[in-house]
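Please work from the sequences and hints to get the whole structure.
So the sequences go chain by chain: A and B.
Heads up: the first sequence runs through residues 60 to 320, numbered per the working numbering.
Heads up: the second sequence runs through residues 7 to 227, numbered per the working numbering.
Just so you know, these hints were derived from the structure itself, not from any lab.
Nothing here was measured: the structure is a model prediction, and the numbers come from that model.
Label pairs and their in silico Cβ distance ranges: (1) B:P215 with A:A240: 27 to 35 Å; (2) B:W178 with A:L126: 39 to 47 Å; (3) A:R80 with B:R213: 42 to 50 Å; (4) A:R271 with B:T43: 17 to 25 Å; (5) B:P190 with A:R279: 48 to 56 Å; (6) A:R239 with B:V25: 36 to 44 Å.
We put the beta carbon where it would ideally sit given N, CA and C, even for glycine.
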Amino acid sequence: MTQTFELFSDLFALRNNALSRRDPRAKLLACVAATVAAGLSTRVHLPLAVMAVAMGGMLLVRVPVRLIVARLLPPLGIVALLGLLRTFLIGSTPLGQVALGSWTLTATQEGFHEGVLLLARVLGAVSALILLSLTTPAHRVFAALRWLRVPQVWVETAMLMYRYVFLLLDQTADIFAAQRARLGYAGAARSLRSMGTLGGAVLQRAFDQADRAHEAMMARGYRGEIPFGTLGPTPAGDMLLLGAVLALLAVGLALGEGWLA
Amino acid sequence: MHISEGILPVGWAGAWLLVALPFLAWGIRQIKRRGQTEPRYRAFVALVGAAVFIISCMPIPVPTAGTCSHPCGTGLAAILIGPGPTVVVASIALLLQALFMAHGGLTTLGGNIVSMGVVGALVGFGAFRLLRGAGASVAVAAFAAGALSDWATYATTSAELALALHGGGSLWSLLGAIMMAFVPTQLPLGIFEGILSVGACRFVSSRRPELVERLLARSSG
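Shown next, in the form of structure tokens:
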């Protein structure tokens, strides 16, 4: 639970640095453009360049390498699996053979190339996403989404959910620690029972908290809508930066795909 | 198993987003309408969403794979708040996980909403309602909702991956391979998720029976 809190929290995004001060709309659009460009690329160069720039940005604002690795690792498991499956299931030009008991699996050049491309795309796109999340606090992302005309009900629910996750995480961690201290996770059967109880306890706390939260919101003037802080016009410098990022991505994509040849 | 950023080609990512949008609009309309008659409803939905988010972060040991996985939580959420609002809270949970934990992604949001939010919620809710209608106990119905929604989510994710990535190869052989690769993890995980749903429903109904009655009445409305 503590690890989840560390990973999920936007504490790093709240620090004051060159990237956190940039306009959230510009950063969100640049991030989406970078992930789309990485996804459109049929060569590894552009996705890896996106990854290098994102990593450079993260190191520039002194994000701990441990946190970057922790966020980068989860997607790599599924990518490794899909890369392997593609290597052995797609293509016709043999690259090598692997004997598995009585079976012989043939790796192909086309499949291997596809697997490596997939890995590069994921590394590039995920790095851009991590850079956005480590330099943009959640409330600024929500404000940007509202500015982009995402429905108010959705954004309001998202803001409330984000707030409540931390409240409930604290309480869940307390119950979990108490269960462990009473050997609630000794053996598979007890673990399952404890896990069910923990799930139920979290829900019950959520129901109780919902009533209290509503009363607190009413006391603060809530009448069915949460007022959003307005985002001012995007600063000219940030617009220029966004324009430069979009132009670089477009040129990189055009060069990589041979559209200019 | 969320589909990570960069895995789906842009065309497929856009197509799944288009599939997800009507269900999101349906859920948003339900929350909006109910919020007008029940002022506490929005805070309630958000808190159930937050609870489900936390439950979906719980590591569950998977002995056959020698690793840990996590439940989806959408079957349980669908029992508590109905399938429409579950699509909305699942989409929010997926966005938060993509942004702040690098689980899933922005461009793959549509695909993940369809598998976890839409299919998971509808299958979980459908199983629960069907079994309750047939006279099954809350425990049996909750188990089926948890387990079936989990398996349906992973089957849909596998289909999305195979459709997008089979390239020049056979769709069916890639789909079969992906599903086989996840069976050792997901088969027991679905059972665990079913047990978790039963445990959660039992705990709440033993401590707050009036709440379960209210929730069951709500989700059927």
